[in-house]
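Given the sequences, and given the hints that come with them, work out the whole structure.
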Amino acid sequence: MPKDLEAATVNDFMDKLEHPMKREIEALRGIVRGADARLAEGIKWNAPSYSLVGEDRFTFNLQGKGMIRLIFHAGAKKNNLNIREALGEDPSRLLEWAADDRAIVKLVSMNDVREKEDELTSVIRRWLEATC
Numbered sequence: 035m036p037k038d039l040e041a042a043t044v045n046d047f048m049d050k051l052e053h054p055m056k057r058e059i060e061a062l063r064g065i066v067r068g069a070d071a072r073l074a075e076g077i078k079w080n081a082p083s084y085s086l087v088g089e090d091r092f093t094f095n096l097q098g099k100g101m102i103r104l105i106f107h108a109g110a111k112k113n114n115l116n117i118r119e120a121l122g123e124d125p126s127r128l129l130e131w132a133a134d135d136r137a138i139v140k141l142v143s144m145n146d147v148r149e150k151e152d153e154l155t156s157v158i159r160r161w162l163e164a165t166c
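Numbering of the sequence shown is given in the numbering used here, commencing with residue 35 and proceeding in unit increments.
Read the hints as simulated data drawn from the structure, not as lab findings. Treat each hint with caution, since some may be false.
Said to hold, decoys possible - Cross-link-like lysine-lysine pairs, in silico, BS3-like; alpha carbons within 25 Å at most:
id, residue 1, residue 2
1, Lys140, Lys150
2, Lys50, Lys99
3, Lys78, Lys50
4, Lys78, Lys140
5, Lys56, Lys150
6, Lys150, Lys99
7, Lys56, Lys140
8, Lys78, Lys56
9, Lys50, Lys140
10, Lys56, Lys99
This structure is a prediction, so every number in the text was calculated from the model and none was measured.
Written as structure tokens, this is what we have:
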């Protein structure tokens, strides 16, 4: 699907979304899209998701109470990548590792999103380097 159609789909999803952290979700969308122009945005698992060259890399999880999560992964299926090792030390301490190829960033407020914007951008770029 062309990028403009993918974005239209996500924009339509967001227009209809009723979520207490909708402003934070929109801000985080902007951060992810701004980190790398090659990312394609779509809807997966009923939330915004981002892929690079057809491979999923980041997906929102909107189910938590009082928080939103951004899931960092290397595709929908388990693989043998050890991204944790490839990234090395995470000075931002944003990533909570769920497995060697999957991590989570939790954000609890607009202030939290804004305070972590630069670190998020950096860790998104590092994740893409490690997985491509």
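The hints, checked one at a time:
| no. | hint | in the structure |
| --- | --- | --- |
| 1 | Lys140 to Lys150 | holds, 11 Å |
| 2 | Lys50 to Lys99 | holds, 19 Å |
| 3 | Lys78 to Lys50 | holds, 16 Å |
| 4 | Lys78 to Lys140 | holds, 18 Å |
| 5 | Lys56 to Lys150 | holds, 17 Å |
| 6 | Lys150 to Lys99 | holds, 20 Å |
| 7 | Lys56 to Lys140 | holds, 15 Å |
| 8 | Lys78 to Lys56 | holds, 17 Å |
| 9 | Lys50 to Lys140 | holds, 23 Å |
| 10 | Lys56 to Lys99 | holds, 13 Å |
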